[in-house]
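The whole structure should be built from the sequences, with the hints applied where relevant.
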Amino acid sequence: GNYTVIATNREGTASLKIQIKVKTGEPEAPVFMEPLKDLAVTEGEGVILSVQVSGVPTPKVKWLKDGKPTTVQPTVKERHILYL
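Sequential numbering of the sequence shown, starting at 1, is according to UniProt numbering.
Certain hints may be false.
To be verified - Below, a list of computed lysine-lysine pairs in the BS3-like style, where the Cα atoms sit at most 25 Å apart:
1. 23 with 62
2. 37 with 17
3. 23 with 60
4. 60 with 37
5. 21 with 60
6. 37 with 65
7. 68 with 37
8. 37 with 62
To be verified - Label pairs and their in silico Cβ distance ranges:
9. 39 with 71: 11 to 21 Å
10. 43 with 3: 34 to 44 Å
11. 11 with 53: 33 to 43 Å
12. 13 with 53: 25 to 35 Å
13. 35 with 1: 17 to 27 Å
14. 43 with 10: 39 to 49 Å
15. 1 with 34: 14 to 24 Å
16. 11 with 69: 37 to 47 Å
17. 13 with 37: 19 to 29 Å
No lab work stands behind these hints, which were simulated from the structure alone. Glycine is no exception: its CB is placed at the ideal position from the N, C-alpha and C atoms.
As structure tokens, then:
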């Protein structure tokens, strides 16, 4: 189903929509639930990249830097988070 969350204060309103799909177990291509955005960070500053992916069977996720596998391994593989 489709859900909407709405936050309101005296300065205005913000809303976010989400669709929840019940998986039936039938094969489904991988889908990233939310896109990553480009970042600008200060040298030496830590970075956390996090993605949520859906698919049947469960997709394998790997991270690349400049087209090559990263030397940093994701810490929590189930959540697909990369700490840099």
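Hints, verified against the model:
For a cut-off of 25 Å, the pair hint linking residue 23 to residue 62 stands: about 23 Å separates their Cα positions. For a cut-off of 25 Å, the pair hint linking residue 37 to residue 17 stands: about 19 Å separates their Cα positions. The hinted pair formed by residue 23 and residue 60 meets the criterion: a straight-line CA distance of about 18 Å does not exceed 25 Å. This hinted pair checks out: residue 60 and residue 37 have alpha carbons roughly 21 Å apart, not beyond 25 Å.
A hinted pair counts as satisfied when its Cα atoms are at most 25 Å apart, and residue 21 with residue 60 qualifies at roughly 21 Å. Our distance criterion of 25 Å between C-alpha atoms is met by residue 37 and residue 65, whose separation comes to about 15 Å. The hinted pair formed by residue 68 and residue 37 meets the criterion: a straight-line CA distance of about 20 Å does not exceed 25 Å. At most 25 Å may separate the alpha-carbon atoms for a hinted pair to count; residue 37 and residue 62 meet this at roughly 18 Å.
For the hinted restraint 11 to 21 Å between residue 39 and residue 71, the CB-CB distance of approximately 19 Å keeps it satisfied. For residue 43 and residue 3, the Cβ-Cβ distance of about 40 Å falls inside the hinted range of 34 to 44 Å, so the restraint holds. Distance hint check for residue 11 and residue 53: the Cβ-Cβ separation is about 35 Å, which falls inside the suggested range of 33 to 43 Å. The beta-carbon spacing between residue 13 and residue 53, approximately 31 Å, falls within the hinted interval of 25 to 35 Å.
Between residue 35 and residue 1 the beta carbons are some 23 Å apart, a value that agrees with the proposed interval 17 to 27 Å. Range check, residue 43 to residue 10: Cβ separation about 40 Å, and the 39 to 49 Å hint holds. At roughly 19 Å, the beta carbons of residue 1 and residue 34 sit within the given window of 14 to 24 Å. Checked against the hint of 37 to 47 Å, the pair residue 11 and residue 69 passes, with Cβ atoms roughly 45 Å apart.
For residue 13 and residue 37, the Cβ-Cβ distance of about 23 Å falls inside the hinted range of 19 to 29 Å, so the restraint holds.
Violated hints: none; the structure is consistent with every hint.
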